[in-house]
Amino acid sequence: MSIPAEQRQREFEGEALVHLDALYGLALRLSGGDEPRAEDLVQESMLKAYRAWDRFEVGTNCRAWLMTILRNTFINEFRRQKSRPTAVEFDQVAERPSSDALYEADPEGRIFDHIIDDQVIAAIDELPAEFRVAVVLSDLEGLSYQEVSEVMGIPVGTVKSRLFRARKRLQERLYEYAVEMGYLK
Amino acid sequence: MNESGTRSPEGNRSDEPELSCEESLARVYEYLDGELEASEHEAVRRHLQKCRNCYPHFDFERMFLDYVHELGAGEESRSGLAERIREMIAAASG
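Protein chains in written order, with numbering that gives the first Met the number 0: chain A, 0 to 184; chain B, 0 to 93.
The following block holds chain A by itself, in its conformation from the complex:
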C-alpha cells in the first residue's frame, strides 16, 4: 500500500531529514572534503531514500538505512570513475615503505591530546581515494573488514592492506603536523 503524499513527506521529514548532518559528514569524508560533491551526494541519496520510503520500516534504524543508501550511491559513482587518475596516486602510496616515526617520537601518544581534529580530518581527506574510503568506512563508520570488502567490491586481504597503509600514512602526516606545530622535535 502506498502512503498518501502528505503523510509520506511528513514522515520523511521527521524520520530521515533529522539525520542530515550525519549523512553530510559521511559524504564529506568520502568525497575528500569536496563540499559541492558531498552536497550532491546527500541530495541524490535523500531523493533515493524518499522514493524508497515505502520500503523503510518505521521504528528500525533510519540513520543506518540512509547511510547504506549514501554509501551505495557513492560507491557506484566511485567504481565508474575507478579506472581514472586515483590508481596512479594509489600505487605511489602503496610502494612507499610505511614508517613508525610518530610512535618512535611519541610512544606515549601525547600528541592525541594536542592535535586539532581538523588537522586529522584534513589528513584523511588528503589520502588517495581508495585508501580514504576504506578508512572512512572502517574507522569512522565502524564497518567490519568483510562489510568494507562487500561495499568496495575488493577482497578482504586488500581491505587489510589498505587500512594498514592508510593508517600508517595518517600517522606520518600527524608526525609532520606535530613537528610543524612544535609538539614534537
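These are computed hints drawn from the structure, not numbers from a lab.
The model shown is predicted, which means the values in this text are computed figures rather than measured ones.
One thing to keep in mind: the hints can contain errors.
Chain B stretches covered by chain A per the calculated footprint, using a threshold of three residues with CB under 8 Å from any CB of chain A [stated by the list, open to error]: (1) 25-33; (2) 77-84.
Here are the simulated BS3-like pairs of lysine-lysine, each with C-alpha atoms no more than 27 Å apart in a straight line [to be verified]: (3) B/49 with A/159; (4) A/167 with A/184; (5) B/49 with A/167.
Note that CB positions come from ideal geometry on N, CA and C, so glycine has one too.
Given the structure of chain A, go ahead and fit chain B onto it with the hints provided.
Positioned in the frame of chain A, the structure of chain B alone reads:
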C-alpha cells in the same frame, strides 16, 4: 605400521608456534580491530604478555585508533541543503 602415524593431534597442543615481534606487529590492526581468528588472536595476545617492546607499540596504536574513531561524528551541513532537499521531495511528491 608407519611410525609417523603414532603422532596424535593432542601431542602438538602445547607446541604452538610463537610469533615474532615482526609477525605480531604485522597483525596489530587486525588484532585491535578484532578481526583475527581466535587462535591467531590468542597467539598475538601471548606474545604481548611477554614482549616489552611490542606491548607499548600496541598500546599506542590503540590510542591512535580510538582517536580516529571519535572523529566519526556528523558535520554541520550548510543551511541551504535541507531546504533544497525539502523542495526536491515536494517536487517528487507532486
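These are the hints, each one checked on the structure:
1. 25-33: holds (count 3)
2. 77-84: Since three or more residues must qualify, the claim that chain A covers the region 77-84 of chain B holds, with 5 doing so at under 8 Å.
3. B/49 with A/159: At roughly 26 Å apart (the allowed maximum being 27 Å), residue 159 of chain A and residue 49 of chain B satisfy the hint.
4. A/167 with A/184: holds (19 Å)
5. B/49 with A/167: holds (25 Å)
The structure agrees with every numbered hint stated previously.
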